[in-house]
Amino acid sequence: MCINRRAPYGTIYALEGLEVVLMGAAFEQDISVVYLDDGVYQLKKGQDTTDSSIKNFSPTYRALASYGVEKLYVETESMEDRGLSEHDLIVPVKMISGAELTELMEQQDVILNY
Amino acid sequence: MCINRRAPYGTIYALEGLEVVLMGAAFEQDISVVYLDDGVYQLKKGQDTTDSSIKNFSPTYRALASYGVEKLYVETESMEDRGLSEHDLIVPVKMISGAELTELMEQQDVILNY
Amino acid sequence: MLHTVNKSPYEKGSLDTCLRLAKQGSTILLIEDAVYAAITGSSLESKIRQASKQYEFCVLGPDLKARGLDEAKLIDSIRVVDYGGFVDLAVSHDRVQSWL
Amino acid sequence: MLHTVNKSPYEKGSLDTCLRLAKQGSTILLIEDAVYAAITGSSLESKIRQASKQYEFCVLGPDLKARGLDEAKLIDSIRVVDYGGFVDLAVSHDRVQSWL
Amino acid sequence: MKFGIIVSAGPYTHQASDTAYQFSKAVLERGHEILRIFFYHDGVNNGTRLTTPPQDDRHITNRWSELAAKHELDLVVCVAAAQRRGIVDVGEAKRHGKDANNIAPGFRISGLGQLIEVGIQADRVITFGD
Amino acid sequence: MKFGIIVSAGPYTHQASDTAYQFSKAVLERGHEILRIFFYHDGVNNGTRLTTPPQDDRHITNRWSELAAKHELDLVVCVAAAQRRGIVDVGEAKRHGKDANNIAPGFRISGLGQLIEVGIQADRVITFGD
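In order, the protein sequences belong to chains A, B, C, D, E and F. Take 2 as the starting number for the first sequence in this note's numbering and just add one per residue. Take 2 as the starting number for the second sequence in this note's numbering and just add one per residue. Take 1450 as the starting number for the third sequence in this note's numbering and just add one per residue. Take 1450 as the starting number for the fourth sequence in this note's numbering and just add one per residue. Take 109 as the starting number for the fifth sequence in this note's numbering and just add one per residue. Take 109 as the starting number for the sixth sequence in this note's numbering and just add one per residue.
Some hints here could point you the wrong way.
As the list claims (entries may be wrong) - Now the in silico label distances, taken between C-beta atoms and shown as ranges: (1) D/Asp1531 with F/Asp182: 41 to 49 Å; (2) F/Gln163 with B/Lys95: 30 to 38 Å; (3) A/Ala27 with D/Gln1499: 40 to 48 Å; (4) A/Glu71 with E/Pro213: 41 to 49 Å; (5) F/His179 with A/Lys56: 20 to 28 Å; (6) B/Ala100 with D/Asp1519: 26 to 34 Å; (7) B/Gly84 with D/Asp1531: 37 to 45 Å; (8) A/Asn57 with C/Lys1522: 15 to 23 Å; (9) A/Gly69 with F/Asn170: 30 to 38 Å; (10) D/Asp1531 with B/Lys56: 16 to 24 Å; (11) D/Arg1528 with A/Met96: 33 to 41 Å; (12) E/Gly205 with D/Asp1519: 53 to 61 Å; (13) C/Val1529 with F/Gln163: 54 to 62 Å; (14) B/Lys95 with D/Asp1519: 24 to 32 Å.
Calculated directly from the structure, the hints in this document are not laboratory data. Bear in mind that the values here come from a model prediction, so they are computed numbers and not experimental data. We treat Cβ as the ideally placed atom computed from N, Cα and C, and that holds for glycine.
Bound conformation, chain A alone (with noise of 0.2 Å):
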């Protein structure tokens, strides 16, 4: 499971974070991604960087499911808090509440923070 709790652009942990799980589907790993926190901005639509010329890699989170990863989990209230709705992300993710995450933390082998 990789958690992923920053925004983007900012920071280059969500662009690196993305790399390993993009990784861990080369090597036919079973992965979670799982965005908390500021990470619900990783997935936000309508990501244009022209005027900042950064890398925009937010097309990539649409091609993570043809890689074979398809357990991608939101946490409610992040989302809440930031006043962001599934309607603003750029793919179909599962909504999960935090006490539904606690457990779902709980069955995983491995995890990897950003």
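Let chain A serve as the given structure and place chains B, C, D, E and F on it in line with the hints.
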């Protein structure tokens, strides 16, 4: 004016911020140094890094006066939040309120932040 | 004085410290991950609306756009500037304080 | 599960997220700048006391000592460990989650 | 017990690489095994031999190199992260037309697959970072 | 108007060096002057020529070098911060017995006095960092 807002050891900003203050003193600048937020922890008495093998730079604060750096300000609110009092500090400082700090900042030529 | 804040208000306390210490009438420019503070509908909206009675808030447009934040959803008192506007703000205020 | 937190609770939200999501009965180890959460007399003390009904709190001794924090001022339910004790905690729990 | 250790912050700037080192030493002293230490994000900056810290401070890179030599540790610097940050070995220098390299003894540059692998093989994985 | 600019975070890891670059470009486009760009803390890592970012991403170091060449900017890497992090020019390599250097074109290594000086001479000083 140098504003220090970070705790020592967890990050290097306290140490490298202190190096700037010493260099400013060498250039005979009239430097005010403010300790704010977690920056107040930099002045905590009794720092002892023997078990963590990081360099203990806290004695340098006691040497600041001999370099002509005498305007050390600590924000009262930051101290109170952290349960600290002047007796916990390694050097004599001037305690000021946030409101006084606001006015002090307005009088500076240059403000450096860590 | 111009104050800049570049950290997410959900992750770090920099914006709170800025709001505690910036003099009334100052300008606060939100850049990088701090632009998330400028959006309506969040749990921070009322805090920012309250603060905007005392401060002039600006936000860096390229950073909003990079993060997919719609200008139509900005808190209405917040003005959008580009990098040139950022420079103009630095010029028109007599000092810049970066809350990191 | 063993949870580690290494950020100051005054500066960043990592400890809050850990407390929101760690399962009841988990162990939470405070290291680096997070050790400031372990001290009595601060504005955080009641939050930590409350949380210590649900979690076992430990704190890394060398990091306390580096920062001049007196073990006598620790919140009483918090246990001090050294690096060897940290390893033992990682071994005795089936997983480690680092809240950065 | 087999440990995998991830270091994701640069030396000196954050304490994370110090904690990772002390933890690694304690793992070995307790008789456990370290399968690999993987340097990711700014952690790759632990692996440059060009640092000269003040004489009265610890030498973080040398400390890793010595620990690796003594215990035959596998110190892996992530290639993608290293390319962005300018950590280069002889092969990488040749591949990208660089006129110098800066990797420290005991470190090797390799792919993210080495991280995934240690995640599969280790009993415990622990991350030290910012 | 005369600007002094401080960059205190490393490239790619934090957006700060991107913002500093875009701000610097805008300062020059507005007809103002940049007295010096001072790289401190992890900001010194902007000044290594050994980076090879992905081809579809911006090259942060080259971008600084080109801006400096075009506008004769003074890009100063703090020597004390650089020694801790392994940024080395020919002189530093010789002084510390290093077998390689990694400084990028247009950057020079100098002391903290250069920061104090720009604080005295500039009309505005602005910091971009973490």
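Hint check results:
{"no.": "1", "hint": "D/Asp1531 with F/Asp182: 41 to 49 Å", "in the structure": "48 Å, holds"}
{"no.": "2", "hint": "F/Gln163 with B/Lys95: 30 to 38 Å", "in the structure": "55 Å, violated"}
{"no.": "3", "hint": "A/Ala27 with D/Gln1499: 40 to 48 Å", "in the structure": "45 Å, holds"}
{"no.": "4", "hint": "A/Glu71 with E/Pro213: 41 to 49 Å", "in the structure": "43 Å, holds"}
{"no.": "5", "hint": "F/His179 with A/Lys56: 20 to 28 Å", "in the structure": "25 Å, holds"}
{"no.": "6", "hint": "B/Ala100 with D/Asp1519: 26 to 34 Å", "in the structure": "31 Å, holds"}
{"no.": "7", "hint": "B/Gly84 with D/Asp1531: 37 to 45 Å", "in the structure": "25 Å, violated"}
{"no.": "8", "hint": "A/Asn57 with C/Lys1522: 15 to 23 Å", "in the structure": "20 Å, holds"}
{"no.": "9", "hint": "A/Gly69 with F/Asn170: 30 to 38 Å", "in the structure": "36 Å, holds"}
{"no.": "10", "hint": "D/Asp1531 with B/Lys56: 16 to 24 Å", "in the structure": "20 Å, holds"}
{"no.": "11", "hint": "D/Arg1528 with A/Met96: 33 to 41 Å", "in the structure": "37 Å, holds"}
{"no.": "12", "hint": "E/Gly205 with D/Asp1519: 53 to 61 Å", "in the structure": "56 Å, holds"}
{"no.": "13", "hint": "C/Val1529 with F/Gln163: 54 to 62 Å", "in the structure": "32 Å, violated"}
{"no.": "14", "hint": "B/Lys95 with D/Asp1519: 24 to 32 Å", "in the structure": "25 Å, holds"}
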